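**Student:** In case you want the letters, here they are:
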Amino acid sequence: MRFVRGFGRFWFDFIVGDDWRIALGVVLVLGLGALLVAIDVVGTNVLMPLLAAAIVAVVAASIVLGARR
Amino acid sequence: MSDSIGLLVSVFLASAVEFVEALTIVLAMGMTRGWRSALAGVAAALAALTVTAAVAGYAIAEWLPESLLQLIVGTLLLIFGLQWLRKAVLRAAGLKAHNDEEETFRAELEAGRQAGSERRAGLDWFGFVVSFKGVFLEGLEIVFIVITFGLNADNVPGAAAGAAVAGAIVLTAGVAAHRPLSRIPQNTIKFGVGLLLSTFGTFWAIEGLGVFASDRESLAWPGGDVALVVMLAVWSVFSWSAVRVLRRSDDADRDEDRVVLAAEGG
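Protein sequences appear in the order of chains A and B.
So the first sequence is numbered by numbering that gives the first Met the number 0: it starts at 0 and just counts up by one.
So the second sequence is numbered by numbering that gives the first Met the number 0: it starts at 0 and just counts up by one.
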């Protein structure tokens with residue numbers, strides 16, 4: 000059990016690092032993007048740049064919040 | 000074309016930084032605990048990395064359809080790249096300490112001198128384990144970048160070649176200098192790599208959302224590969240602005256502290 004926990008912890012630290020908000024934000028933006036692609040309500044020419052902008056916004060918020068801690 | 004150049008530059012730079020960090024640790028262990036144990040640790044780590052790369056690369060390439068591969072690998076690359084970018088922004092704004100290979104080297108030398116002597120399988124165990132961990136952890140980042148970039152750009156040999164060239168250059172320079180390569184502008188390189196990883200990660204992750212479309216094909220960016228250049232520009236402007244804003248607010252905080260101290264003192 001300790002090995003499994005340690006293994007999971009290692010990969011979490013390796014991928015997510017010390018600011019989990021960035022990872023969570025990226026996953027949420029992409030999750031929303033997946034939903035919009037699946038229901039096909041927005042054209043990709045609009046949706047793709049919007050999602051990229053949303054990712055930049057998430058990172059900006061995370062960096063500012065992290066710097067203020 | 001921009002994919003291939005970006006692939007080579009990103010993998011080369013990212014690998015060079017990781018090789019420099021691994022070299023510092025191995026040099027310190029070799030000089031304090033003996034080269035036999037340090038090099039045995041390096042060999043064991045390289046063997047473990049080879050197995051990891053082969054298993055992970057084969058599994059990802061064989062089991063996943065293209066759009067899903069782009070989504071998963073692009074997302075991982077994006078999160079990974081944003082970590083680099085965030086730290087680089089905080090360092091450039093003066094809110095996080097810069098990497099200093101000389102300092103790391105001195106700390107590792109001290110640790111090597113003070114550690115107790117324990118021998119296993121004829122090797123100095125401390126020197127072996129520290130070298131193994133250093134090379135494995137730094138190497139894992141290289142493997143991760145080679146696999147993600149290589150598979151998404153459909154050019155694993157190109158990505159591996161970029162990493163191999165970086166390794167050869169760093170190793171040659173390290174052997175010649177016989178000391179850590181502290182003159183390499185690591186923080187600047189990390190900033191550049193963070194920008195490139197974030198750019199390609201955003202590009203591929205969003206393309207991969209096509210797996211949720213009815214035809215399950217990757218989405219196509221308006222403008223094709225030109226979108227990569229636009230995205231690199233956006234991440235660059237964003238990072239530059241973030242550094243300026245954070246630096247200014249840090250200066251303002253210091254000024255405020257000075258006023259409070261002066262008022263308390265007076």
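Rather than coming from a laboratory, the hints here were simulated on the basis of the structure.
Don't take each hint at face value.
[Stated by the list, open to error] Now the stretches of chain A that chain B is said to cover, found in silico as 3 or more residues with beta-carbon under 8 Å:
(1) 7–16
(2) 19–27
(3) 55–65
[As the list claims (entries may be wrong)] If the Cβ cut is set under 8 Å, some of the chain A residues that face chain B in the computed set are:
(4) 32
(5) 36
(6) 37
(7) 43
(8) 44
It should be emphasised that the depicted structure is a prediction, and the values quoted were computed from it without experimental measurement.
The beta carbon of each residue, even a glycine, is placed where N, CA and C say it ideally should be.
**Student:** Which numbered hints does this structure break?
**Tutor:** Checked against the structure, no hint fails, so every one of them is satisfied.
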